[in-house]
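Colleague: Spelled out, the chains give:
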Amino acid sequence: MSSENHQKLYFPERAQVACSECTLGNLCLPRSLDANDKQQFEHIVNKSRAIQPGEHIFRAGDKLNCIAAVRAGCFKSYVIDQNGEEQVLGFYLPGEIIGFDAIHEKVHNANVVALDTSSVCGLSFSSVSEMARQLPDLQEELFRVMSSQIAELEANAADLSAEERIARLLCSLSSRFANRGYSHTEFNLSMSRRDIASHLRLATETISRVLARFQSAGIIKVNRKKVSILDVDRLGELARRDTC
Amino acid sequence: MSTSKSFPTELITKYGLAGPRYTSYPTALQFHEGFDAEAYRRHVQRSNDDLIPLPLSLYVHLPFCETLCYYCACNKKVTRNSTLTDSYLQSLDREIEMQGELFDRDRQVIQLHFGGGTPTYYDDLQLKHIIEKLSERFFLSRSSAREFSIEIDPRTVNEDRIAYLADIGLNRVSMGIQDFDPAVQKAVNRIQDEDKTLGLIQAARKAGFNSVSVDLIYGLPLQTAKSFETTIDSILTVRPDRLSVYNYAHLPHLFRSQRMINTDDVPSAEVRLELLASTTSKLVDAGYVYIGMDHFALPDDELSVAMRDGSLQRNFQGYSTCRATDLVGLGVSAIGKVGNSFVQNQKDIRDWQALISEDKLPVWRGIALSGEDRLRRETILAIMCQGALNFREIEQEFGIDFTNHFALELESLKPLRDDGLIELSEESLEVTPVGLLLLRVIAMKFDEYLITGNSSKAYSKVI
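Here the protein sequences come in this chain order: A and B. Per this note's numbering: the first sequence = residues 1 to 244. Per this note's numbering: the second sequence = residues 245 to 707.
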């Protein structure tokens with residue numbers, strides 16, 4: 001399927017999106033815009049249909065038309081390495097922006113697949129970029145989001161123990177869920193342990209072993225894919241972060 | 245447990261209904277063919293995806309027997325045709341390969357059980373081959389805490405074989421005895437020497453099996469309370485760690501081989517009760533703990549310890565102390581339990597082999613549990629294993645209001661409370677020592693499929 005058709009599939013029509021009424025209004029790109037600017041922004045937003053688990057919204061090599069803001073569900077981005085192995089780059093929750101990696105070569109580098117029943121808002125990149133030139137608040141927000149993504153990647157690239165990596169991921173997810181108004185101590189993960197392992201560059205069994213260790217130390221409780229954080233402070237210490 | 249003092253004959257007569265044994269909930273009667281190999285694969289994948297996947301149990305069904313025991317209701321085939329039994333092993337190898345593919349390699353097998361049929365129908369090398377094949381395709385635990393067990397028909401082994409079974413890694417054994425009375429043995433077509441059997445139990449101890457269990461059956465033709473007591477006395481001389489005393493369910497309309505038993509020889513309800521009462525009190529007096537559902541164990545056996553500390557589990561073999569596992573069923577008619585699903589293999593050997601020969605998983609049927617099924621499974625398991633139900637714990641786990649959700653069930657439990665089977669409070673249900681003998685009756689009150697009116701004819705009598 002050509003990338004044009006591919007993207008049409010998910011961003012089919014201009015839907016009535018009211019960013020001002022969106023529950024993610026405080027997290028998403030237009031959050032710092034005033035009412036007028038927000039209305040203008042709504043014109044460049046295309047709402048997707050429901051995306052089923054396993055469906056891709058971007059494929060590596062797709063031309064850059066859109067970037068996407070997650071409305072609901074969860075996505076992972078990944079590349080296939082020379083050995084044919086999947087390498088998970090990141091996970092995206094509602095309000096987070098997917099596709100910034102495509103800006104410099106105008107081509108998406110990563111595959112992006114839904115892990116849950118999900119939906120996104122497609123944003124024509126040329127329009128976003130055009131609009132950012134007129135709206136400094138939007139431009140600043142774009143820089144901020146890109147920067148936080150880079151920081152997250154850099155943090156992961158550091159030389160960390162398995163415990164630290166896993167504790168950091170849990171802390172990161174905890175605060176991201178909290179920002180979305182969900183519990184920061186109890187959440188269901190959409191990703192498999194294999195995805196987490198690939199993302200953290202650890203062996204699959206290490207994920208389970210370390211989580212089991214955290215569990216018997218009374219720091220977390222795990223039931224299938226549900227995580228309950230019982231001791232926020234100690235998890236924060238393990239992650240070597242002030243807060244969790 | 246002080247079950248011996250006053251045996252509740254009247255209550256058992258009163259509640260002597262038909263009822264399932266709840267080795268699974270929902271019971272196998274609810275399995276359906278809509279749950280197919282594809283559904284099974286999905287459930288396995290999901291279980292691999294869990295953050296901390298459960299360790300595995302393997303059940304291997306070896307269905308062949310040399311002779312027919314008339315009482316038997318298991319899925320078995322009586323044959324001496326080695327072409328048939330050899331080709332069964334080849335198919336089993338292939339099934340082990342296919343199933344091994346499905347499960348992530350880091351999932352340790354902490355429990356393995358060979359059931360039958362007669363597993364020891366196969367010779368030493370064949371059994372060794374199966375274990376090697378399993379170890380090639382699954383990650384078998386090397387811990388001494390692993391439970392690797394086999395059902396033994398004492399007529400098929402000698403002391404050397406017992407030692408060999410220990411050498412190839414098995415550490416638990418259950419021996420089929422049923423009854424030592426020659427008249428009873430003749431009536432059920434299972435002639436087995438008493439002295440040899442007792443010698444084998446001692447040989448198993450010597451060989452290092454760390455748990456020896458024996459199976460007995462009451463309610464067999466020509467049994468009397470007195471003759472059965474003689475069997476029990478004889479067994480008590482070697483003090484097995486565990487005893488299972490099963491009730492014989494005479495259902496000749498369902499099990500053809502049972503038609504070989506003269507119905508007139510089958511003990512009356514009164515005699516069966518007497519058998520149960522005298523056996524129970526004899527074992528309890530001898531120091532055994534009544535675990536529930538036909539099972540007895542020595543006080544220092546893990547099963548008794550687990551019962552005391554509330555960690556008892558229930559599985560298709562009865563009770564277990566293993567932590568929760570996903571169960572892989574291998575062989576004809578074998579049942580598996582993965583995540584929130586049960587799955588069963590084809591029950592006919594030819595159908596099972598035909599699918600395997602096409603490289604297909606030999607799945608016959610199964611069930612994916614609904615939220616309601618899981619809630620009721622948890623409730624029934626708490627009754628069967630802990631003899632107690634803490635309403636708040638169930639409420640927390642499933643987000644329900646217990647008293648509201650189970651209003652009808654709680655109402656229907658009141659007669660049981662009035663009869664002293666259970667104690668009910670705002671917070672909990674507790675099974676009394678008397679109720680322990682009627683666990684099924686209590687558990688049945690929470691069985692949605694019985695409540696909504698599924699046939700119960702197929703179940704064995706509660707006593």
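Derived from the structure by calculation, the hints contain no laboratory data. It is possible that some hints are incorrect.
Below, a list of computed lysine-lysine pairs in the DSBU-like style, where the Cα atoms sit at most 35 Å apart [claimed, not checked]:
no., chain 1, residue 1, chain 2, residue 2
1, B, K440, B, K470
2, B, K377, A, K225
3, A, K226, B, K440
Pairwise CB distance ranges (calculated) [said to hold, decoys possible]:
no., chain 1, residue 1, chain 2, residue 2, range
4, A, Q52, B, T647, 20 to 28 Å
5, A, N223, B, S388, 52 to 60 Å
6, A, S161, B, R285, 51 to 59 Å
From the derived model, a few chain A residues whose C-beta atoms are all more than 10 Å from chain B [claimed, not checked]:
no., residue
7, E85
8, I103
9, S124
10, L153
11, E154
12, L189
13, L200
14, E205
15, V227
Predicted model, so just to flag it, every value in this text is computed and none were measured. We put the beta carbon where it would ideally sit given N, CA and C, even for glycine.
Colleague: Taking the hints in turn, state whether each one holds.
Modeller: Structure-based check of all given hints:
1. Among the hinted pairs, K440 of chain B with K470 of chain B is consistent with the structure: their alpha-carbon atoms are about 22 Å apart, no more than 35 Å.
2. The straight-line distance between the Cα atoms of K377 of chain B and K225 of chain A is roughly 32 Å, inside the 35 Å bound, and the hint therefore holds.
3. The hinted pair formed by K226 of chain A and K440 of chain B fails the criterion: a straight-line CA distance of about 54 Å is larger than 35 Å.
4. The hint said 20 to 28 Å for the Cβ distance between Q52 of chain A and T647 of chain B, and at roughly 39 Å that hint is violated.
5. Checking the proposed 52 to 60 Å range against N223 of chain A and S388 of chain B shows it is violated: the Cβ atoms sit about 29 Å from each other.
6. The given range of 51 to 59 Å is broken by S161 of chain A and R285 of chain B, whose C-beta atoms sit roughly 35 Å from each other.
7. Distance check on E85 of chain A: its Cβ is at least 16 Å (rounded) from any Cβ of chain B, clearing the 10 Å threshold; non-interface status holds.
8. Every C-beta of chain B lies more than 10 Å from that of I103 of chain A, the closest at about 33 Å, which supports listing it as non-interface.
9. Chain B leaves S124 of chain A outside its interface by the beta-carbon criterion, the shortest separation being 35 Å against a cut-off of 10 Å.
10. For L153 of chain A, the condition that its CB be more than 10 Å from all CB atoms of chain B holds, with the nearest at approximately 23 Å.
11. Taking the minimum C-beta to C-beta distance to chain B, about 26 Å, the non-interface status of E154 of chain A holds against the 10 Å cut.
12. Distance to chain B contradicts L189 of chain A as a non-interface residue, since its nearest Cβ pair spans about 7 Å, not more than 10 Å.
13. Under the 10 Å C-beta cut-off, the non-interface status given to L200 of chain A relative to chain B holds; the minimum distance is some 13 Å.
14. Annotated as non-interface, E205 of chain A brings its C-beta within 10 Å of a C-beta of chain B; the closest such distance is 4 Å.
15. Distance check for V227 of chain A against chain B: the nearest CB is about 7 Å away, which does not clear 10 Å, and the non-interface claim fails.
The structure is inconsistent with the numbered hints 3, 4, 5, 6, 12, 14, 15, although it conforms to all the rest.
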